Amino acid sequence: MSPDHTLFNVFAAVFAALAVASGIAAGLKWRLAAGASSVVIDNLNARINAWWWMVGVLAVAFWIGEGGIIVLFGLISFQALREYISLTHTRRGDHHALMWCFFFFLPAQYLLIAIDWYGLFSILIPVYAFLLLPISATLCSDAERFLERAAKVQWGLMICVYCISHVPALLTLEIPGFFGRNAQLIIFLVLTVQSSDVFQYVCGKLFGKRKLAPAISPSKTLEGLVGGLLTSTVLGAALYWLTPFNVWQAALVALTINIVGFFGGFVLSAIKRDRGVKDWGTLIEGHGGMLDRVDSISFSAPIFFHIVRYWWV
Amino acid sequence: MIEKLFGLLLCNFAKLLTGVRPLWQNCEPEAKLRVYFANHRSHGDFVLIWAALPAVLRRQTRPVAGADYWLDSRFKTWLINKVFHAVLVDRRPGRDGPDPVEQMAAALQAGNSLILFPEGTRNLDEALLPFKSGIFHLAQAMPSVEFVPVWIENLGRVMPKGAIVPVPLLCTLTFGAPLTLTPGEAKAEFLARARHALLDLAPPAN
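If you're matching them up, the sequences are chains A and B in order. Using the numbering used here, read the first sequence as starting at 1 and increasing by one per residue. Using the numbering used here, read the second sequence as starting at 1001 and increasing by one per residue.
Watch out, some of these pointers could steer you wrong.
[Unchecked claim] Mimicking DSS-like on lysine-lysine, the simulated pairs with C-alpha atoms at most 27 angstroms apart in a straight line are: (1) A:K278 / A:K211; (2) A:K152 / A:K272; (3) B:K1032 / B:K1132; (4) A:K272 / A:K209; (5) B:K1187 / A:K152; (6) B:K1015 / A:K272; (7) B:K1187 / B:K1032; (8) B:K1004 / B:K1076; (9) A:K211 / A:K272; (10) A:K152 / B:K1015; (11) A:K278 / B:K1161; (12) A:K278 / A:K152.
[Stated by the list, open to error] Facing chain A, from chain B, some residues (calculated, C-beta under 10 angstroms): (13) R1021; (14) L1128; (15) M1142; (16) N1154; (17) M1159; (18) G1162; (19) P1168; (20) C1171.
The hints are simulated quantities; they were obtained by calculation from the structure and are not laboratory data. Bear in mind that the values here come from a model prediction, so they are computed numbers and not experimental data. Think of the CB as a built atom: it goes at the ideal place given N, C-alpha and C, for glycine as much as any other residue.
Produce the complete structure using the sequences and hints provided.
Put into structure tokens, the structure is as follows:
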């Protein structure tokens, strides 16, 4: 099968799965007595509707090609960073540092993927932003809570830009015998990690009893976590044909990125609790903000990238 | 025509840049005679309130702005008069022009709502400066008018005083329960009540 054909079939299958999900959600809503409404079922419907949009946008980006994918993830980073900084305390003295983040480091990071300069891609934010941003902040002569502010800005840039940029960076890997099929790695990563979120939600709603860590994330349950991780690991193994892995390797990689992805959501939940909010934003109805949707991707993307780069390139 | 187009463009630009989200808490966007009073950290403040109001209300709402700042260039003069239809007041202590409270009351009597920043100037710090007494005198002159507190979150960071390039952070506007002057309420009482109503809308301090 040609790579284009494969992508077409995968998206067709995802849309089919969404159609089934929409059918079930509509059935659940219909089964409710007329006029009655349930917050959980309304939220489920909103979530599934939003998935149609998200998968649709993803499909368009893949149809456009590498440029489309890089631009899409650049925009995702932009929105995530925006949500993150909006909720994080910075002062007037950070204005220049924030300008550097939004108007230089973010576009530069994605440009480096487009021109395939891995050396600089891997150090631009951890080294150069790390050194330059606090310099820019000191030039505004405001020392109040300086370390805290510098750390927050750097951390946001790492999570929202550096980590997420590892998704389109998968396009630059040269894997023997896998030429022209790198976009499938992105599909594997996104499908596995996002399905893990979905299955954790579903298993949690169906079987959830024991709260995992109410102080950090009140809705997460042990049953949801285990059920979600296992289901999406099986899905990852079943998708091995998208990747250079065999079935067992695919299962192991899927399990790893699902665990890391789970902790991504967990860590970002801790920040939300600390800031006293439930969601990062309101962009995606039923899900919250962009960062609520990509928290697990941002943690798992660099790990997945390095696993592939170390063992398969 | 060009003024209307420019106003619309500016509104949409402000919305796009800040993703502004109006939260109406214990208050509905209604066509009543109102004074929206807000915290002031940026020149974009009134543009954002203006942009967040439904178009019907926007057309009859005028910002109150300082003449000293807005009349010092031809472009700013055109913008504030023709696009925003502001009520321009003279903030200097030794003024010899019209009384700002009378100007504002006249605008209200003509059927326009107002956007007012009772701190009197842009606040570079956290929280809120003490209110100037103008808002009290206005409430006395127009006792039937509703005063709606509006907390503007983050715009001071999008475009702080002195900045030229805005940073695209997300802003939230919280509209609180309207208040009116109770009969016999003293100046200090009303100012404190209005200030607290506004502070109550602010997110928890850092």
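Interface hint outcome for B:R1021 [beta carbon to chain A under 10 angstroms]: Hint on B:R1021: holds, closest Cβ of chain A at ~6 angstroms, below 10 angstroms.
Holds or violated: A:K278 with A:K211, Cα cutoff 27 angstroms? holds, 17 angstroms
Decide if the proposed pair is consistent with the structure: B:K1015 and A:K272, CA atoms, cutoff 27 angstroms inclusive. Roughly 24 angstroms between the alpha carbons, so the hint for B:K1015 and A:K272 holds.
Is the Cα-Cα distance between B:K1187 and A:K152 27 angstroms or less? Cα-Cα ~42 angstroms, so violated.
For the restraint on B:M1142, tell me whether the closest CB of chain A is nearer than 10 angstroms. violated, 36 angstroms
Against chain A, is B:P1168 within 10 angstroms by beta-carbon distance? The hint holds - B:P1168 has a Cβ within 10 angstroms of chain A, the shortest such distance being about 6 angstroms.
Hint validation: B:N1154 versus chain A, beta carbon distance must be below 10 angstroms. Holds or violated? holds, 6 angstroms
May I ask you to test the interface hint for B:M1159 with respect to chain A, counting a Cβ-Cβ separation under 10 angstroms as satisfied? Status holds, d = 9 angstroms.
Let's test the interface hint: is any C-beta of chain A closer than 10 angstroms to that of B:C1171? Holds. Min distance 8 angstroms.
Hey, A:K278 versus A:K152, does the alpha-carbon distance stay inside 27 angstroms? holds, 19 angstroms
Hint check: B:K1004 vs B:K1076, CA-CA at most 27 angstroms. Holds or violated? This hinted pair holds, its Cα atoms lying about 16 angstroms apart.
Status of the hint placing B:G1162 at chain A (closest C-beta pair under 10 angstroms): Holds - the Cβ of B:G1162 comes within 10 angstroms of chain A, reaching about 8 angstroms at its closest.
The structure fails to meet hints 5, 11, 14, 15 from the earlier list, while all remaining hints are met.
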